[in-house]
Amino acid sequence: MTTTLLAVLIALGSFCGGLLGSLTGLGGGIIIVPLLTLVFHVDLRYAIGASLVSIIATSSGAAAAYVREGFTNVRVGILLEVATTIGALVGAALAAMISKNVLSVMFGVLLIITAYRSLKPREEHELTAEPDKWAARFRLDSSYPTPSGKKEYAVRNVPGGFALMFAAGILSALLGIGSGIIKVLAMDQLMRLPFKVSTTTSNFMIGVTAAASAGVYLHRGYIDPTLAFPVMLGVLGGALLGARMLGRANTVLLRNLFTVVVAIGAIQMLYKGLTGTA
Amino acid sequence: MTDTGPNGRWSDHAVEQLIGRLLQIGVLIAAAVTIAGGALLLFQHGGAIPTFSVFRGEPERLTSLTAIVRGAMALQSDAIVQCGLLLLIATPVARVAFTLVAFVLQRDRTYIAITALVLVLLLYGLLFGTA
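Line by line, the protein sequences give chains A and B.
Going by this note's numbering, the first sequence opens with residue 6, and the numbers climb by one from there.
Going by this note's numbering, the second sequence opens with residue 798, and the numbers climb by one from there.
To be clear, the hints were calculated from the coordinates, so they are not data collected in a lab.
Just so you know, not all the hints are guaranteed correct.
DMTMM-like mimics (lysine to aspartate or glutamate), calculated; alpha carbons at most 25 Å apart, straight line [stated by the list, open to error]: (1) A/Lys155 / A/Glu131; (2) A/Lys138 / B/Asp905; (3) A/Lys201 / B/Glu857; (4) A/Lys105 / B/Asp905; (5) A/Lys138 / B/Asp809; (6) A/Lys155 / B/Asp809; (7) A/Lys156 / B/Asp809.
Given the sequences, and given the hints that come with them, work out the whole structure.
See the structure below:
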């Protein structure tokens, strides 16, 4: 297959991944690596490099809109970025020592968790009012816009959230993903931020986390321009179209489609890893 | 969150608006450079048969920051693409640097320290490439 034909096919696949990820709000990154390795037989390291670059593009593009709307908690984001960037650098160092088969199994497990979480309905939890020592120290409590005006919220369990963010950073670098699911889990479940604030702040942080390991991988030769450019432009185009279609698309159908795609990817990644053919 | 900083000009809201704009501009410029390089790459080498299934690692001219910029200046298509991707990686770094400036203007010591730490970690990875 020639470079041009391959670039067009990869861009189309990445476009669908970006579109699906953006419409379901689950991120396209987790689909890109399985797409590249399983469908296009790309080496895992090149796939991780290309995926990280495209994650930076979509995260920064979407974060721009959310930050301006006032959902993102910039202080929470910056504070937790300490944990995710250290995690990403640790993960990038570990990546050189972990075999492709182990990484493939880890990816499969994470895809199963993603498929499970994408099926679960999201409900807004009760906002906490308990004062927290660390949240007060770092002035993390804030407010966000709701249909009935600005609503105040308090933040808790900062150390727990910080620890989980460190893990999210490691996984982001090892697997070339945004780790959005873990980031949202840390903020929404542990730190009790409103769901919308958790998802937008997670998105805000994903670009910085990915940039930490992408910088290292660029030096290590994981980022191939011929592969990365159709992936990045495809994912970005899909994500931008998804943002415009949001609210008009059938999200239930898309979520089910996303779950099926992720589940198929999970089985294949697990199979390859466990049989030592990754 | 405070609405106005100590000097009355740098409110959190104003900072957020600027951060949002900065991210948009960064992605736009990076995407434009990548598209230009990618189009040139396909025009010049579109008929080649690439192999991504075997990892060989990129040559030094596509991994060293100075070599990438030099190659892009010499209009080498793959170096132009790599330069666009480098600009993309630099966008969140610039965002953190800008946030640091905002916290300095707000004289927020705690967050100056936190943001500076994140910036140092990012620059360390990007400039030295070791983790």
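Against the structure, the hints come out as follows:
no.: 1; hint: A/Lys155 / A/Glu131; in the structure: holds, 16 Å
no.: 2; hint: A/Lys138 / B/Asp905; in the structure: holds, 19 Å
no.: 3; hint: A/Lys201 / B/Glu857; in the structure: violated, 43 Å
no.: 4; hint: A/Lys105 / B/Asp905; in the structure: violated, 44 Å
no.: 5; hint: A/Lys138 / B/Asp809; in the structure: holds, 23 Å
no.: 6; hint: A/Lys155 / B/Asp809; in the structure: holds, 15 Å
no.: 7; hint: A/Lys156 / B/Asp809; in the structure: holds, 17 Å
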